[in-house]
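Student: Spelled out from the first residue to the last, the chains are:
2 protein chains.
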Amino acid sequence: MTSVQTIGSSVVPTETARVRLRPIDGRGVVIRDGLLADRQRVNREVTLLHGAEELERAGTLDNLRIAAGLTSGERRGMVFSDSDVYKWLEALAWEMGREPSPELERLARDTIDLISAAQEPDGYLNSWCQVVDPAWRWTDLRMGHELYCAGHLIQAGVAFARAVGDTSLLTVGRRFADLIDESLGSDAGMGTDGHPGIEAALVELYRQTGASSYLKLADTLTARRGSGMFAGGPFDLSYYQDAEPVRDARSIVGHAVRALYLAAGVTDLYAETGDQTLLASMLRQWDDLTTAKTYLTGGIGSRHHGEAIGDPYELPPDRAYCETCAAIGSIMWNWRLLLVTGESRFADLLERTLYNGFLSGLSLDGGSFFYMNPLQSRNGDRRHSWHPVACCPPNIMRLLASLHHYLATTSDSGVQLHQYATSTIRAVVPVAGPVELAVETGYPWSGSVTVEVLECGDAEWTLSLRVPGWARGAVVDGQPVAPGYAELTRRWRPGDRVVLELDVSPRLTAPNPRIDAVRGCVAVERGPVVYCVEARDLPAGANLADVALQPDTAPADSGPLAPPLGGLPGVSVAGVVRDLDTWCGREHVDVRELPRDGAPAPAQLLAIPYFAWANRGDGGMRVWLPKSE
Amino acid sequence: MTSVQTIGSSVVPTETARVRLRPIDGRGVVIRDGLLADRQRVNREVTLLHGAEELERAGTLDNLRIAAGLTSGERRGMVFSDSDVYKWLEALAWEMGREPSPELERLARDTIDLISAAQEPDGYLNSWCQVVDPAWRWTDLRMGHELYCAGHLIQAGVAFARAVGDTSLLTVGRRFADLIDESLGSDAGMGTDGHPGIEAALVELYRQTGASSYLKLADTLTARRGSGMFAGGPFDLSYYQDAEPVRDARSIVGHAVRALYLAAGVTDLYAETGDQTLLASMLRQWDDLTTAKTYLTGGIGSRHHGEAIGDPYELPPDRAYCETCAAIGSIMWNWRLLLVTGESRFADLLERTLYNGFLSGLSLDGGSFFYMNPLQSRNGDRRHSWHPVACCPPNIMRLLASLHHYLATTSDSGVQLHQYATSTIRAVVPVAGPVELAVETGYPWSGSVTVEVLECGDAEWTLSLRVPGWARGAVVDGQPVAPGYAELTRRWRPGDRVVLELDVSPRLTAPNPRIDAVRGCVAVERGPVVYCVEARDLPAGANLADVALQPDTAPADSGPLAPPLGGLPGVSVAGVVRDLDTWCGREHVDVRELPRDGAPAPAQLLAIPYFAWANRGDGGMRVWLPKSE
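Each protein sequence line maps, in turn, to chains A and B. Those letters in the first sequence? Residues 1 to 629, by the working numbering. Those letters in the second sequence? Residues 1 to 629, by the working numbering.
Treat the hints as calculated values from the structure; they're not laboratory data. Each hint should be verified, as a subset may be incorrect.
Claimed, not checked - If you want the ones that stay clear, here's a sample from chain A, every Cβ over 12 Å from chain B, calculated: (1) R32; (2) R57; (3) R75; (4) S101; (5) R175; (6) D178; (7) L278; (8) H304; (9) D365; (10) E436; (11) D477; (12) G478; (13) D516; (14) N615.
Said to hold, decoys possible - Partial list, computed: chain A residues near chain B (C-beta under 10 Å): (15) K293; (16) L296; (17) R303; (18) D318; (19) N379; (20) T509; (21) V577; (22) W624.
Fair warning: this is a prediction, and the values are worked out from it, not measured in the lab. We put the beta carbon where it would ideally sit given N, CA and C, even for glycine.
Same shape as in the complex, but just chain A (with noise of 0.2 Å):
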C-alpha cells in the first residue's frame, strides 16, 4: 500500500478555495461517549459486517467477481448495485481510519484487489455494462447510473488515501475518472449522469490530487444539465435534475436524493471555483427547501412518485418519502455550504436531520433498515435487514463512520463547535497553532456542555460555539447567548473550562399554517430531538387516529425508557383519547348535525424518540399529534 499525507476527512476544501470554515483532521477527533459514540459503535461492531454478508448474499460482491473472470454466472440486482460496495468500502476506510481492525482491513483489503480485478485495461469499470452487456457503456446515461457509480468508487477511494493513507482504490478510480474524461468531458454532444453525484466526487478527486482536469471535468457535466438532454423518459426531467441550468435555479425539485447530491456536488464546485452564480443558485435552492419543503425531522421528499421533493408546503407525514439517502445528502450539502458561509443555519439543519430523518434509518441494534421515513404510520413498519434497491445501508455506514468529521472546524482565527458530544478534538488554528479540546456532554439528552482547553499555544484565539436555532435562553458562562455562534476570544490556556447550557426541556411545536397535512396538529421536541407516539403505548384498548394532545399544557421529562430503547429519556405529553363513536363511521357530515363527540378519556402520552420507533415490533406511529378542542 502506498502512503500519502492528507487530512483524513470527509471534504478537504484546497489551500485557495472560497470557504470561510476549513474541516479538521478527523484523525484527530475522537467521541468518546453518547449518542453518537454508540451510534459509531453499532456500525463498527454490527453493521459493517452485517453489510458484508448482506453485499455477499445479494450477489453484489459476485457481480465483480462474475466482471473480474474470478468467477462465473448471472449478474444480480439493480444496475447500479456496484455502488453499494463503493458505499460500504468508504465506511470501512473511514472506520478504519477511526480506529484499526484486523477484520476490516482483511475485508478492505479483499475487497479492492476484487475491484482492481475487475477494472479493464482501458479504466473502464461497471459490472452490469462488463456482464450484461458490453455494448451498453455510455449508451443509458438517463437511467444506467453509470458516473454515479463512478462517483462513488472515486469517493471509496479518496476515503481510503485520506483515512488509511492507501491509495489503492483511488488509483483505480482516477484511472476510471481519466477514461470518463477521455470519452465525455471533450465532446460537447454527450451529456451527463441521470442520476447526480459524480460532481461532488470529481471536485474531490481533484482537491486530493491536484489534477484540474478533474475540477473541469465536474464542471462540465454540471453545465450540461438544464438542456432537456433526459427527455422522452419515464420521469420528467426534473426528476434528472435536467429541467433547468442549475446556475438559473430558484427553486429544489425533483428525486431527492439526486437533487441533494448535486447540490452538494456544486457548493464543491463553488467552493473551488468561486463561481458565484453557483453559489447565489444554491443559497436559493437551500431557502427554497427550508421554506416548504423539509419536514421536522429534517426529511426530504414528499412524493413516493418519483421519490420527489413535492410542491412548497406539500408536506405529508404519512406518504413523506424521506429517504434515508436524501438525509444523508442534506447533510453533506449543509456541511458544505457551513464551510462555504460559515453560518449556523446550515449546522442547525445538519443537527435536525442527523438526530432525527437520519438516525430513524437504523435500527438501535444496528442490523435493518429504513428506506423511508414517514413521520406517520397509520399500521406500523418494519425495518428491513436489507433493500433490493440497497442504496440507504452502506450510505448510513459511510455517514456513522464519519460523523467525526462534523463536529468541529476551524478558522484562520480559532475553533468553532457545531455539533455537541463528549469528544476530543485536536486542531490547528493558524494563529495558535495546535489545540486539543476535551468536550464532556450528555447531549442531546443534557443540554450541558463543557469544553476544556487541553492544549493551546500563548495567542489570542476565538472558541466558536453553536447555539441552535431551537435553543431559548442560552447561556455560555453563566451569560446569555443568542441562537448563531457564542463567540469567546481569549488567550486560551491549558485547563480553562467553558460551560454551554442549553435548554432541553420538552418542548411543543406548531406547524405553519400553510402545511395542510398537519393542520391542527402539533409535535414534541426535545433538544435537537423530535419525538414520536407510539400506538403500543397508548392507553388499553386506544386508537393512535384517537388521539389528541392538549397544547396548553407543557409536556415533562418522564425518565428513562425500558429496553430496548436502552435508557433514552421518555416525554409525557397531557392527551386525550377522542370518542368518535358518535360518527358512526361517516366520512363526511353536514356541519349542522355534527356529531357531539363523546366525552375525552385523559391519558398522559409517552412520547419517545423518532428515530427510535419501530424498535419494539409492529405498531402505529405519530409524530404530529391533532390538539385537542
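Use these hints to put chain B onto chain A, whose structure you have.
Tutor: Chain B only, in chain A's frame:
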C-alpha cells in the same frame, strides 16, 4: 348486420338472477334537458369524434390495421391500447342506440370490420401479440392486459347487440372468449389477468348468449385470485387483486381501478350464481371503502404509487389519485349493488361519484380529459386532449353515452327513480304493464322534481323516488320524507303528477376527525354537487394557501356563473384572507412563540362546482378549506 332482440342496457341480469331491481330498456329512456343532457350532447357532438381523431393520431387504430395485414409499420402505444378502441366502440354503440347517426355508424362499421379482419383464425385478437411478439400469447398475464383487452372487446360486442341489434362484434368477442376458455379455462395451472375487467364482460356475455361456459369461466378466473400467482412483479400482490381470495376479503385494497372493476364483475357473478360468499365479500368491501377510503367527490385512490386505494383515512386532497376510470368503476359497481339489494345507499354513492369525481374528468367543451382528479391543486392543472395511457377518455365516452341507463329501474311492483333529470322513461312493470313517465326538473341545480304519469295500466303499482342521503327536509307532495325511497303506491292514472322537493341550498360539510389530511377544514356542497374555490376567483393578490372560511356563516347562492361556466350556479362563502407574513417563512415554531397572525381580511369567496374546475386556464383549486380561527 344480424339483428337480435334484447333489452338495451349496460347490465342485464337474467330472469333467474338474484336482483331486487331490474334495469329498464335504455332505448325507452330519453334525457331531454339539463346538465346530464348537455353532457350527453357534448359527448355525441364533440368527444366521440375527438376520440376517433386521437385514436388515429396515437396509432391505436393503425395497430389493429397492422395486425390485420392492412398496413405495415411499428406498433405504437401501450400494451393495452386495443382496449381504448373497444371502449370507444362501446360508446358509439350506446350513442347510436340513443339516436341514430350516419357518421357514428360509419365509424363503428369501419372499426368493427377492421377488428374482424384482425382476428386470427383461432379467435385470438391482440395487436401487441400479433404485431410485436407472436410468442407472447398467455405469457404475461400479470402485466400484459391480454384478458383485460378481451373483456372490453366483449363489452363492446354486447353493447352493439343490445343497443342497435348488431351482433357482428359480439361474434368476434365470443370467438375470442371461446379461445380463452379453451386455453385458460380448464387448465388449473393457468392464472387470470393482472388487470381485472374480463369478469363482468364474461357474465354479460353469458347473459347475452345464454352460454353458461362464460359464466363458469368468469367464476374460474375469479376463484384463481389470491393464490399469489403474481408474486415477484413490480408491485405487491394487492395491486393485481391477488393478495387474498375474493371470497375472503375483508377490505378493499390495491390498484383502485382493478379493485373496482373486479368488484363489479364479482357482483355480477353473485347475481347469476347466488353464491352468498361473493355478496358478503362485496358488502364488506363496500363498507370498508365508504367508511374510510372514499373522497367527498366519490373519487377512489389515495396514492399515485401503484394507483392505489390507501390505508383507512388516508385521503390526501392534493395527492389524491382519483383516476377517472376509478370513478367509472365505482359507478359500475354501485349500480350492480343497487340492482342486487335495492338499497338507496348505492344510488347515493353513484350520484356523488357521477356529479363530482366522474364529471371532473371531462372539460366542459368535451375536448380534454383529466386522468387524476385531486381535490386540491396548489399550482393548477390542465386537462389533456389525450393521454399516453388513454384508458380514461373512451371510458368517459361510454359512460356518458349510457348515462340514461342509470336513472330508473323496475321491480315486480313498480318503478324506481334513482337519478333525476328532465327525461321520458318507458318501462314495463310486471303487475301493471307498460308505464311511461315524464320527469321535469332543474336537477341538480334545482331540487324540485315533477314526475308525471303519461301512460300506465289500471293495476296498483308503486312509484319509488330516491331521497338522497344528503337531503334534509325533503317533501313529496307536501309530506315530509326521509332519505331512502319515498314509495307511492296507487292506482295511477295518466296525468297524475307527483312533486319531490329537495333542499339544494348550499351547505358546509365537515370531515371525520380521523381523516388527517383535511383536519380543520370544511367543504361546500350544494345538493349532490361538491364545490371548490379556484385561485383565479380570489380577491386580487390573495394566495389560495392563505384563505380560510368562516364556518358559522352559511354559504349562499350567488347566481349564475359567467361563461365558459355556462350559467352553472355559483356559491358565495364568507371567508378571510389570512396574513401569514408574521411567520417570516418559518416552517415550524415553538408554540410559546406562535406568531400572531396579522389581521385577516374578510373576503366573500366564490365557489364553483368542482367538476367545472380548470376550465378557465391555470390556477390553484381547493375543495377543503381551512376554518378561520
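Student: Take the hints in turn and mark each one as holding or not.
Tutor: Consistency of the hints with the structure:
1. With a cut of 12 Å on Cβ distances, R32/A stays outside the contact zone with chain B, its closest approach being about 32 Å.
2. No Cβ of chain B comes within 12 Å of the Cβ of R57/A; the nearest lies about 18 Å off, and the non-interface call holds.
3. Against the 12 Å criterion, R75/A stays outside the reach of chain B, whose nearest CB is about 18 Å from its own CB.
4. A cut-off of 12 Å between C-beta atoms confirms that S101/A is not in contact with chain B; the least separation is 39 Å.
5. With a least beta-carbon separation of about 36 Å from chain B, R175/A lies farther than 12 Å from that chain, consistent with its non-interface assignment.
6. Against the 12 Å criterion, D178/A stays outside the reach of chain B, whose nearest CB is about 38 Å from its own CB.
7. Here L278/A stays apart from chain B, with its beta-carbon at least about 23 Å from theirs, past the 12 Å limit.
8. Interface exclusion of H304/A from chain B breaks down, the closest Cβ pair being 4 Å apart, not more than 12 Å.
9. At the 12 Å boundary, the C-beta of D365/A stays outside the reach of chain B, the nearest C-beta of that chain being 27 Å off.
10. With a minimum CB-CB distance of about 36 Å to chain B, E436/A clears the 12 Å threshold, and the non-interface call stands.
11. Residue-level check passed: D477/A sits 25 Å from the nearest beta carbon of chain B, beyond 12 Å.
12. Every Cβ of chain B is farther than 12 Å from the Cβ of G478/A; the closest lies at roughly 23 Å, confirming the non-interface assignment.
13. Distance check for D516/A against chain B: the nearest CB is about 7 Å away, which does not clear 12 Å, and the non-interface claim fails.
14. The Cβ of N615/A sits about 22 Å from the closest Cβ of chain B, beyond the 12 Å cut-off, so the non-interface label holds.
15. Interface restraint check for K293/A: the shortest CB-CB distance to chain B comes to about 9 Å, inside 10 Å, so the restraint holds.
16. At a threshold of 10 Å, the smallest CB-CB gap from L296/A to chain B is about 6 Å, leaving the interface hint in force.
17. Hint on R303/A holds. Least Cβ distance to chain B is approximately 7 Å, under the 10 Å limit.
18. With 10 Å as the threshold, the beta carbon of D318/A comes within range of chain B, its nearest partner Cβ sitting at about 6 Å, so the hint holds.
19. For the restraint placing N379/A at the interface with chain B, the shortest Cβ-Cβ distance is roughly 6 Å, inside the 10 Å limit, so the hint holds.
20. Checking T509/A against chain B: minimum C-beta separation of about 5 Å stays under 10 Å; hint holds.
21. Annotation: V577/A was flagged as interfacial toward chain B, and the flag is violated, the nearest CB pair being 12 Å apart, outside 10 Å.
22. The interface hint given for W624/A holds, since its Cβ lies 8 Å from the closest Cβ of chain B, which is under the 10 Å cut-off.
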